[in-house]
Structure formats: structure tokens, C-alpha cells
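**Student:** Take a look at the letters that make up each chain.
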Amino acid sequence: MAVTAISETSQIHRFPQYKYIHAVRWLPVLSAFNRFAVLASSDSDSDVSSIEIHSFKPNPISFDLHSSWASPSPISSLKASQFLQKSVIAASTSSGSLHFLFADSSDGMLESEVSVPENELHSVGKSCIDLIDGGVECVTVGDDGKVNLVTVGDSNLNYRRLFDSDGLVSYTAVKWASPVEFATGGYGFGLQWWDQRKPGDPVSQFKGNWDTKLTSGIVHSIDIHPSRKHTCLAGGSLGTVLAWDLRWQQQPIILSGAGAGNGAGNTAVQSISESEVWEIQYDRCIKSNTSSTRILPAMICSEDGILGVIEQGEEPIELLAEPCAINSFDIDRHNPLDVICSLEWESVAILTRQ
Amino acid sequence: MSPNSTGNGALVPFSGDTNDSLSVYTLHHGLSRPISRVAISWSRGNSLRVSLFAEPSGSPDAGDGAKVVEVKLGGGDPEIDDADWRRIAYGSVAPFALLQSRRSSISALSKSPSSYHSDWWEHVLQYSKDITSLFTEPKLALNPIIEDPNEIVQNKEEPTCLKAAWELMEIFYVDKQSQAWQPERLVDWLADYDCLFTSTQETIHGKLVDFQNDLVNIQVIEDDPRYWEVMSSALSVGWLDIVVKMLRLHGSYKLDQLSYRELENGLVEAVAVLISKMPRLRHKSAVGNLGDCFKSKPDFIKAWEKWRSQITKLDCSPFWIQCDNKQTREGLRNLLQVLLGNTESLCTASCHWIELYVSHFLYIRPFTTGIENMYTLAQKCIQLKPPTGTHRLTGLMIGILAENTEVVLAEISREFGPWMVAHAVELLTAGSEQAEILLHDERYNLGGISMMELHRLAYAQVLSSHALTWQIAPIYLTSCMKQGMGLLENLLYRQSVQHNNLLLKNIEICRLYGLDHISSNIMKVAGVYHWKHGHKGAGVYWLQQSQDTNCLNRIAQQLFDSVGKSISDESFKQWEGVIELLGSESKPAGGLEFLHKYRDFKKSLQMVYSGKSADAARQAAGSLVLLMKNPSTPQRFWLTLLYDSLKLLNWKDSPLLSVSETHLLLNKLQELSLARQRPQFTEPSLPHQALSSIRLALATNLGRAILDE
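Line order of the protein sequences matches chains A and B.
So the first sequence is numbered by the numbering used here: it starts at 1 and just counts up by one.
So the second sequence is numbered by the numbering used here: it starts at 1 and just counts up by one.
A few of these clues could be false.
Unchecked claim - No farther apart than 30 Å at their CA atoms in a straight line, the calculated lysine-lysine pairs in the DSS-like style are these: (1) Lys207/B - Lys385/B; (2) Lys163/B - Lys284/B; (3) Lys198/A - Lys629/B; (4) Lys277/B - Lys302/B; (5) Lys198/A - Lys602/B; (6) Lys163/B - Lys385/B; (7) Lys67/B - Lys176/B; (8) Lys652/B - Lys629/B; (9) Lys207/B - Lys198/A.
No lab work stands behind these hints: they were computed from the structure.
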């Protein structure tokens, strides 16, 4: 069931799934022999949404369903992390519920589930979540302007509202920066920095009017590198990728996008895409000669079917150019050469870079 | 529709003698009471949603009052399920788009309206190969390490009628390169797809499989008449490697029998060698196939004559008399008759008329060219072996051989549906100008569109009806000159704006095809949707994107109802986010631009309160006048603004407002007191003495300003 293609730079395996894949993640596991991926899928024939764990074996190539859990409604955001001896999967649904699934780290079997019911955290609409690295703390934000913190304890599940904009500001992306800080993104390329030690409003807001020529857009994804917590990397509409340095708030660095090259202080950069950048992550394959003043290389996937790496002041590198949208991707943290991505046309691709 | 009530429960009377065009679906609704009302609407794909309402009942425990059931129309394709059809639909987008772009670049170069071009067929062949690759399900090729000596027929991938039909069209319409050996391509085609005909009648493939299944139970293979029968059948359709493999199963090859069956074995081997040396007029042999291939006709004719004379020589050889095994002797000589093209032997050996047809090309008329001859031969074969049932592929085959494009279109449309027609049209028009005229001519009875466009539109409609495939419909719609754009606009308007991802994908399609007016409308709808659902920020964003100042003005009024009442009000902080969202002032914000000015005013006012800078105070006063002048400033804030600015009005050093500016503010105050008389006026929550203190401050300022000037 796999189609394999080998290019100069990478080996690509495509696996048709015959259902729509909303999001995809590698599952952090302890075992060196087993590789697992988590898929959030929707079967259009039976109207069943589920979270599936697939096991990936490179030789002979296979990507088989390992275990699955039926979700009450389609998944809108999916994150995976490692906590003690378990793999944790957090997923928010389009009906507003939030689910935590725990899987055995060595055999990838789903063991238990806890959830926050609908309408407790968010009203119906898209919500976005981020799971803290190595923990079970989850921050959730939504179109309704609510920001919540959910923690899974030994026997219970706690959640509290950190902020409610009353719908005046909608949030479309969130990312932890440290155990107490996180960043959110929203409409109009808005970015906010939050600190739990200073409850209430965001401690810092990205000033959006730095360039009047730039057409406004929506932030879809944020990443923050653990070694550079002051820089917030955001991807969104019109192929825009920008870095917001908290120390130099007035001058964002545009790495790609329609507005690139127009902004003051930005040297002309080539855009890798002109449409929505659905997800962005720092590329974990870092070359040793990366300068400390530069923004680290980042990987993006886009609506026009591009999976690529962009680096400040360099030509972007295209890893995949598909005829359909690439909706999400994930870089394996243990084998950063391996990238998994979900394609609009009901399939999943796994890329092994050389 | 027949509810489970007694008697004739049908809601719509229909007579029992149904003809083909009427299909009956039975619904199981489980309602206990009689049905009083039925509502029918389209659901996803080709499903109908039927809502059944029972007659009202007085008692509360009379069961459900209504039920909604979905009825899936049509059985679907028996070979390919919906998910697989979608996979084929996705995969065919890129080849289709590539071919269309090639066509337009070629016609732009040649400046002629016709796409007919001397080597156009090469592009179509590439397209055809790309499409064919979709029909094989991507499976892992598992080659057994140990080959089974008794395996005659290899278990290859399951072929589909769809693939067979596509390849048949490719052979006859597209592949100009192998036109000279078209009959041989038909032989290969039958070798791949003979098993498909097993569904309607007996075939050689079916016989072979049956025989193979019995093989383990047979002691002496050459004594079994079926062994010889199956072999002559396989030989008649040119499956040389299978025949040679079976011949080598002959008992005389066994080591313990070789010594006393030497002569018999010699004859078997001689026939096997002759079979494997059969000359074939073809480019190259498929991997593992036997036979000598010749590319040029003269070489082939020479080799053919020589081979025939060798067979005749063997047929007349005296060794046959010395061979004492009757079964072997007769079986082998029958094989030789097949090779010599004995019509009777061929007719008994084959099952289906297509098999007989192919055997004619192989052994009787190896030099046949030209489709007219092929058609007459096909008719002859049908007479000799009348088909016992109709098969999806035979109708298509006859249509192709009869050179009747309309029949071919009708067959593929009926048997394989809209995907097939929309994509196969490219094959039909590849080589024949006649077909091209037929398909490309605009027709009055089709509303001025061509048949090609009609079929593409029909396919696009199928794609549009499914949530996962609607995104590829635009590619087909934009290739339709007349009606495509209109339908595309419809399609884009129809999509839900509820989910951002879907909305953005929709807008992206608008961007790709330059449909700015549509994306602007879609964004407007999205803005109103979000606004209504309390996502105020998102609503403002989308309305701003669609540049709908009208709508923005209207929602601004509602929004200001909840703006902070005074400068000390902490709640104004939450508006910061919306102001950020509005971006720079150059962007259209409608009535919301007040927020910008209000914030600037508040900022400078805050500076005045924190320090005593005269410049800051002058700036704040300037902002105040701007705000009061601006028509977008809501009346209900006038008093609040003035009250907040009391400090400015009473500025100690010098009056901050000129005479005319003070007059302006006084006029506004006057206007306000008139507005107070109206019933819908809302009183701001200010101290009682607010108005009088503002009046006093303004009067003092006016006096000082007059003195100054």
C-alpha cells in the first residue's frame, strides 16, 4: 500500500489512508525499534472521527494501524508528548471538548483516556492547544477568545480560565515557551506573550502596524525554540513566516511571505509559498555553522503543497511539492531526519532526508 | 418505497410491472403510526435524505413521531468502492491539468483552433500511462522465493474492468507507435484481462484455474483429457509460456520413465520447442513470454513461412506411428492443428468469442491490419460463438471496432460513470479528427456547449457533491469555456464559512482563478457569521478584509455600546486587541476608526495626567477636537469625552482651545441637549454636576481664548 519515490535529497513514502487526515504527529516513544505516528482522521463514508496510532517500519516499508480511539467529533488540534513512562496525546475537537490519551511508551497501545466535556473550555468553534514538553499541562485557546489551562493530576483533571477576551480577540495558535510562559497568535498577524506569574492580560503584544503595505492575515502556527525563548516564530496567511523578538519588539524579521522585502530592515527574501502556511516548526536538523544572531532554520508546510525549510538569508529548500495541500507535519525528535506529513488527498507521507 | 404496514402501503402508487428505468428502494423507518408527510432532499453524494413524519397522536407513548433515513442511490461500482474512486479522482488531477496546459500551449504556438497536432498523441499517451498507473492499487510486490513447479497460472494483481477498458481505448485510439502490431497488443490485452470475462461465461482462464486446482489429485497427467484440452485452449490465445510449462509436466520427462518413453518424450519436446519459437510481429516480448519477435513485416513473413513448414514437416513425420501412447499422440497433433490455424480446432479450443477472435489473429490471419478488417472478423467470431451474456467490456469492444464514437461514449458512460467519460474523451479525440469534431462542436440542443464540456461539467458536479473532492472540481470547471466559470462561482458560494481552514482553502481557490469579487463576498459572509456567533474580533477581521465599510459601520454602533465609559475604566484595555487587529489607519475600518482616535486621545490624556507637559496637553486637546469633529464618533461618547477632558479645558497656563474650537464644542453640547429629548437616548453614567462643570469650563475657556486673540 505504499508508494515510494527516491529523490536526490530524500526518500518519500506515501500511504493512502482513504480518510481525511486532519493532523499528524510522531509519538515520542522509548523503544528504539518501534516508531509510531498519531493520526487524527475522519472517515467520510461512515462519519466516524478517530485518533489512530500507526506503526511505521522502514524495512520492509509498512505503515499499519496499531490501535485507535473513536472521537465524538472531528479533531481540530493534536499534540503529543512524553510524560514519565507514558506517551501523552492531547486533542481538541471541533465541538469544543478536550481529550487526553495515554499510550504505553514501548508498545504504542492506547491505555486510558480523560476528557473535558464540550462547552466547559470553549464554545463550538475551532480551538488550538499546546501540550507542555514532558508534562501533562495543556493550554487551550479558541475563536471565542478564551484562554484555558488544563492539568491532568494523579486522579483528577483540573482546568481554569486564564483569560477571556469576550470574543473581542480570537486566538488561532498557541505555543508554550517555558513552564510559565506561552505565546498566542490570532487574526491580523496578532501575537501575544503571556506569563502566568502576571495573571490577566498578555504581558506583551506584537504591534501589527509595522508595515502598512503588508496585507493582513491569520497566524496558524507558532514555534519557540527552547534555546531562544525570546524569539517567537509564526507562520500564517500569504506565505508569511515572521520572527518576533521580544527584545526588539518594533522590528519583526520576515523570513517569507508576500510582504517580505517591503519591510524596513528586511533584506529581500524569496517566498517559499504564497498561500496559507499551516504549520511551522524549527528544523531539528541544525547545521553546526548556524550563527547565533540568525534565526534558526524552520520547516513549514503550506496550502499550495509545499514542505520546505527556510533559513534567514538563504534560498528556501523544497522538500516536497505536492499537487494538494499539506495540512500538517511533524519532525521526529529522536530522528530529526524523518518527517511525517498529512496530505489533503487522504494520505500520509513520510520523508527520510539523506 | 413500501412501509411495513399491511396491504399496499406505498405512498405513491406504482404498477408492479416495472421497466428498467424504475428502481425500488425499501426503507426501514420503524415508525409504528401511518406516515402523513414525507420530505425528500439531497444529502451528500448521491444519497437522498428522506424525512418521514407520522400522523400526530394524542398519547405521549406512541413511539417516535418522525424519522430521517438516508437512501443511497445506485449500487455503485461493484469493483471499486467510493474511497478508491476518490483516490483515482485525486490522482487524475495532475495528468489532466498537464494535458490541458500542453494543449493550450500547442494551440497558442500553432495559432490554429484545432488541437490536432502531428505528435499530439505522444502527449496523450503519456497522460494515458499516468492514468493507468492509478488503477493498480499501490501494493507491495511480493515475489515468492521458491517457485511452485505446479503453478501454471500466476496469481497476479486483481485486474479491473476499468483498467481493461482504459487500456483497450489506449490501444485503438492513442498508441500510434504500435499500430502495426495492434493484433498482438490485443493478444496481450486478453492475456491480462481474460479472467474478467469469467463472470458472465466460461473462459480459458477459468478452465486453467480449475485445472490447476485439480492438479494435485491427478496421478498421470497425460492420461487426463482435460490436460490436452486446456493446453490447446491456452495455445489458441497465444499463452505460449503456459503451454510450454504444462508440456514439461508430461510424464515422459520423469527420470524413471525417460528410458522407455524416449520417442514420446522427443515428440513432446519437439512441439514445445516449436511453440517457444513461434514468430511474432511485435516490438518486444513481455518479460518471460516466449516466441521470436520481429519488428519488420518482411522479416516476420520469412520467419513465419519457415516456422509453418517446420510444423508441417513434424505433422507428417513417421514418428507419430511409432508413438504408442494414444493420448499423447492425439493431444500433440491437436496442438499442431492449432498452430497450423485449423479453424475447427481453434473454435473448439476457445470459449469466448474474443478468445476465438484473438486466435484468428495469431494463427489464421497474422498479417491483418486496418480496423475495417478487424470489425468484419469480429462479427464472424460472434456468429461462431454467440455470447451467452452481455459483459461490460464486449459492448465497448464492438463500439471501438465499429468505429462508432457515440456508442463508445454511451458504453463507458453507462458502465463506468462520469469519471471515465470526462477523462476518456482525451483518448477518443487523440487521433481521430472525426471524433474531435463530434466532441468539440458546440451543440444547440446542449445549450450551446460541446459534448466534451457537458461530460466535464457532469463530472465536476459529482466532485462538487462530496466534501472531500469539491476542491478539485475547479480544475475541471475552468477547462469548460462556456459554463464552467458560472458553476465555479456557485460552487465557491456554496461552501461553509464556519471553519477557518475550509474558508481559507476556498479563498485560496478564488485567488488562483482571480475571482476577487467572490472571495470578497465570501469574507463578508464569514465576517457576519463570526460576528453573530460572538467572535467579534474575527468578525471585524473578515469584514475588514472584504472592505465592507457599510457593515463595519453598523457593527461599530453595537460594539461601542460596551466601550469603557471613562478614562479610568480598566475595561478599555481589552480593546487594545481589537485596535491592534484593525492595523494601521490606512486600512478601511468604517466606524471602527473611532477606536484608533479614541486610543490616541486617551494616551495623550494619560500623559497629561502623569506629568505636566504643556506639549502633551496641547496634543491631547488637538486629539479631542479631531474626535469631536469626526462624524464617526458616536454621540453617546461626546459628554464622556468632554468630561474626561475637563483638565484640558481648565488648563492653567493658557487656553488650549481657540475660539472657533470652543464654539465647535459648545455646538456639540447644544446638539446633545436636543438629542436628549429623543426617547432612545441613553444617559451616560456621569456625576450629576458633569454637564454644568463642562459648560462652565467651556465658557471660561472661551473667555480666555477671546482675550488671547
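**Student:** Would you mind marking each hint as holding or not holding in the structure?
**Tutor:** Hints and how they fare:
1. Lys207/B - Lys385/B: Roughly 17 Å separates the two Cα atoms, so the pair holds.
2. Lys163/B - Lys284/B: At roughly 22 Å apart (the allowed maximum being 30 Å), Lys284/B and Lys163/B satisfy the hint.
3. Lys198/A - Lys629/B: violated, 39 Å
4. Lys277/B - Lys302/B: holds, 14 Å
5. Lys198/A - Lys602/B: holds, 24 Å
6. Lys163/B - Lys385/B: holds, 25 Å
7. Lys67/B - Lys176/B: violated, 58 Å
8. Lys652/B - Lys629/B: Holds, at about 25 Å.
9. Lys207/B - Lys198/A: violated, 82 Å
The structure is inconsistent with the numbered hints 3, 7, 9, although it conforms to all the rest.
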